[in-house]
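Chemist: One letter stands for each residue in the lines below.
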Amino acid sequence: MIASILLVAALLPAIVGGAMIALVRRAHWTAVTGLPMPNGSRRTKVTVGAGLLLFTVVFAVLRDGWGMGLLLGPLLIATGIAIVIVTLALQPRALLPVAIIVDRAARQRFLPGNPTWHQQHPTDDIEQ
Amino acid sequence: MSEAFRISMNWLHTWMGLVVGALLFAIFWMGTLAVFDREIDRWMMPATRVAVPAAVSVDAIARTMHPLAVAAKARRWGVQMPTARQPTARAYYDTATERQVLHLDPATGVVIAPERTLGATGFFYPFHFSLFIHHWKMGEWLAGLAAMAMMAMCVSGVVIHRRIFADFFTLRIVRKAQRTTLDLHNLTGVVGLPFNFLISFTGLVIFMGTYLPGIQAVLYPGEPAAFAVEAYGTPLASPAKQPADLAPLGAMVAEAQRRWAGAAPATVLVFNPGDRAALVHVHQDTGARVTMDANTVVFDGATGRVVAGPHRYSPTLMTLSYLSGMHYTWFRHATLRWLYFVSGLAGCALIATGFLFWIQSRAKQHAKAGVRGMALVRVLSVGATAGLVLASLAFLVANRLLPDLPTIAGVPRAWMEVRIFCVVWLLAFAQAWLRPRTVWRDQSVAIGGACLAAVLLDWVTTGDVLPLGGEAGRWSAAGVDLVLLCGAVLAWISARRLHARSQIVTRRDPRSAGSKP
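Those protein sequences? They're chains W and Z, same order as listed.
Residue numbers for the first sequence follow our numbering, beginning at 1 and rising by one.
Residue numbers for the second sequence follow our numbering, beginning at 1 and rising by one.
Chain W with its partners taken away, still in its complex shape (with noise of 0.2 Å):
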């Protein structure tokens, strides 16, 4: 039980994390969220979002120990990845809570360096 749930904690950040990256790009964002990008740095969320990524090891790791953990990490990236490049060709409006996220995120300045950000935000009339 706690080895699946070691499986979804690694694949999900690795999940997140791609999303996040993928979204720096405006014709994704354009995509997920029929909005215009706002302003923001791009520098900051591709760390946030590689440093997910890296959250993906370190769960492998610890469900599998180094010599397998080594093996499944990077292999439940490129899944993740996959899983969000599949979703953006075929269903981008699936990736719009992490939008949000990202969104509301950068707004809150947990992820910091967005001085030009609006008051009131686009994605405030996007329904959950």
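Keep in mind the hints are simulated off the structure, nothing from the lab.
Glycine included, every Cβ here is placed at the ideal spot set by N, Cα and C.
Sample of chain Z residues with no beta-carbon within 10 Å of chain W, all distances over it, derived:
1) K137
2) V379
3) W459
Pulled a few chain Z residues facing chain W out of the computed Cβ check, cut under 8 Å:
4) L187
5) F331
6) H333
Based on the hints, put chain Z in the right spot on chain W.
Modeler: For chain Z alone, coordinates are given in the frame of chain W:
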């Protein structure tokens, strides 16, 4: 990066892909199937779909196997201990010319069934690295060449992909097939890059002794066996030509387990059976780790005395063993196994889309210029990709259709299956040559049909219908059936789309219909 360098890498990527693409696809496809070789074996050998045994008696197995090996004057016999993936004791003996394989009840040593198919472990797996070309180890050399080419193409692919970061998450499923094909090629190439590179590299590492024979020859001049002793702790001895009984194997395995602090054995090998110089090697089960350090304990077969072991690998060999373990995937880890399988399929898609893009981007240009090679490339691409998939499915279907006899029309049953595989593969090439307009659609339909036929035949011949096979604990065979059903659905969708597209092309330009893949 200079433009000239990028152009040269583009040339390398394009032409190397074209030249070794077919070989690479065969190696990747067979390797992907080999990830689940034991499961496919259970599917192909219904008699071995038994529950995992509660108890194992090595002595009972020896009581069956040892007399058989001695009577056949075998140079060795061995047994693979039962696991969840292979619940029988798979025992074999090697004579000077052949190997006889039997599946035994691990508790009683009673023969469950002789192995009358090569199965995945005997066909898909060796095909993956040897291509069944054994002269001068030519198959291994070709596989090594393909692995080197794959690594070179991984690097050159990154160099020539101008918008690698900008297009990283881009997959455009659009009407223009060329765009979608290139995006799929880039996606599977970039996302699968670490896997493809590492799997190629570790493949080369495994056959280091073949590709760099000079090292061994220099370090162990005239004594090739000395390397095995020093590296793996597996000494061999010549027969003393004096008969002797085999000491109880169970006691030897128990002693090995005591020296391993309770770890389980994976295989037991008896060399020179029935001879006073008999040696017994007991290898540890390494399924719980990636590193394949077997910690071999060697016994004197006649007395049961420990000769050597457990043998500890040197740090260098441990590193080598970890790299080999990454490639072999003999560890017990279902998730990793599935991820390897999917990554392998993505590798196949990478190679196939590379072929397709080459054809799509040059078809019109070559037709205008009257270049003849296009038809050859098209036949090669279809036969090497869809044709091989179809032949593999024919191998499974033949396994269900052929009667369970030792020989059929004078040919051993196992090799009859291989002959059918070869014939279907050749027919796929022939069809690609004769019907270039509809070949992709036709072979997609054939693949879908073969997938369905295999599942239905499994149901008819064994009674294991989904999901009952799974409920009865026969997950290996049920899993193969499920993958086959998914394959049938995918092939059906592909065939429908190809048909729809050919209709559009026909309406636009009746002369060029089917000229595109």
